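Just so you know, the sequences run in chain order A and B.
Here the first sequence stands for residues 1 to 89, numbered as in our numbering.
Here the second sequence stands for residues 90 to 183, numbered as in our numbering.
Calculated from the structure, these hints are not laboratory results.
Predicted model, so just to flag it, every value in this text is computed and none were measured.
Some clues are possibly wrong.
What the hints assert, rightly or not - In silico contact screen, one side only, chain A against chain B (beta carbon under 8 Å); selected entries: (1) M1; (2) A7; (3) N20; (4) Y22; (5) A25; (6) S29; (7) A31; (8) R33; (9) L35; (10) I42; (11) A46; (12) M49; (13) D62; (14) C79.
Stated by the list, open to error - Among the chain B residues that face chain A by a calculated CB cut under 10 Å, a handful are: (15) V99; (16) A106; (17) R115; (18) A175; (19) A177.
The beta carbon of each residue, even a glycine, is placed where N, CA and C say it ideally should be.
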Amino acid sequence: MLSFAIAAATVMFGIAIALNLYRLARGPSRADRILALDTLAINSIALVMLRGIATESAVYFDAALVIAMMGFVGTAALCKFILSGDVIE
Amino acid sequence: MVEFGISLLVLLGAAFALLGSVGLARLPDIFTRLHGPTKATTLGVGALVTASMLHSLSSGGGLSLRELGITLFLFITAPVSAHMIAKAAAKSDK
Numbered sequence: 001m002l003s004f005a006i007a008a009a010t011v012m013f014g015i016a017i018a019l020n021l022y023r024l025a026r027g028p029s030r031a032d033r034i035l036a037l038d039t040l041a042i043n044s045i046a047l048v049m050l051r052g053i054a055t056e057s058a059v060y061f062d063a064a065l066v067i068a069m070m071g072f073v074g075t076a077a078l079c080k081f082i083l084s085g086d087v088i089e
Numbered sequence: 090m091v092e093f094g095i096s097l098l099v100l101l102g103a104a105f106a107l108l109g110s111v112g113l114a115r116l117p118d119i120f121t122r123l124h125g126p127t128k129a130t131t132l133g134v135g136a137l138v139t140a141s142m143l144h145s146l147s148s149g150g151g152l153s154l155r156e157l158g159i160t161l162f163l164f165i166t167a168p169v170s171a172h173m174i175a176k177a178a179a180k181s182d183k
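Can you make the complete structure from the sequences, with help from the hints?
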């Protein structure tokens, strides 16, 4: 039962990531693309954690934490670049 | 019984994340698009983290604190990054 739920959830996250990639390619403004990248990072965290539940291994949660930190730093740096034209002033 | 609850939480989290991404793809402008993923995906990850903690508790692995760390980090940084994206969108609008 849990394996069926995990398979269904993997398909749903795959569709979600495809929708994010659509917004990333299409997005009219730069802020749309940043938002799509941020959501893509969060969805990939969820996908990695799903893998961690399926294999009962603790390694995947460290990877998820690293993706979370990198995603936040990337979003903050891109927004800072749009706001002030410079990442490190 | 516990397995049923874990499966329900996993499916709930995946449904929330899918709804947030549908909102990101379908809503008309950037400020409404910001609304979908920043709320729905953090709730989706929250449900998935709860499922994962329940699973590691029920399979005898004990309570692991990494999941709580991920949740705490995401719940702190999601409003901050949403605020910064909104500021960037407001600036590039005019």
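Discussion item. Flag every earlier hint the structure violates by its number, smallest first.
Written reply: 2, 5 and 8
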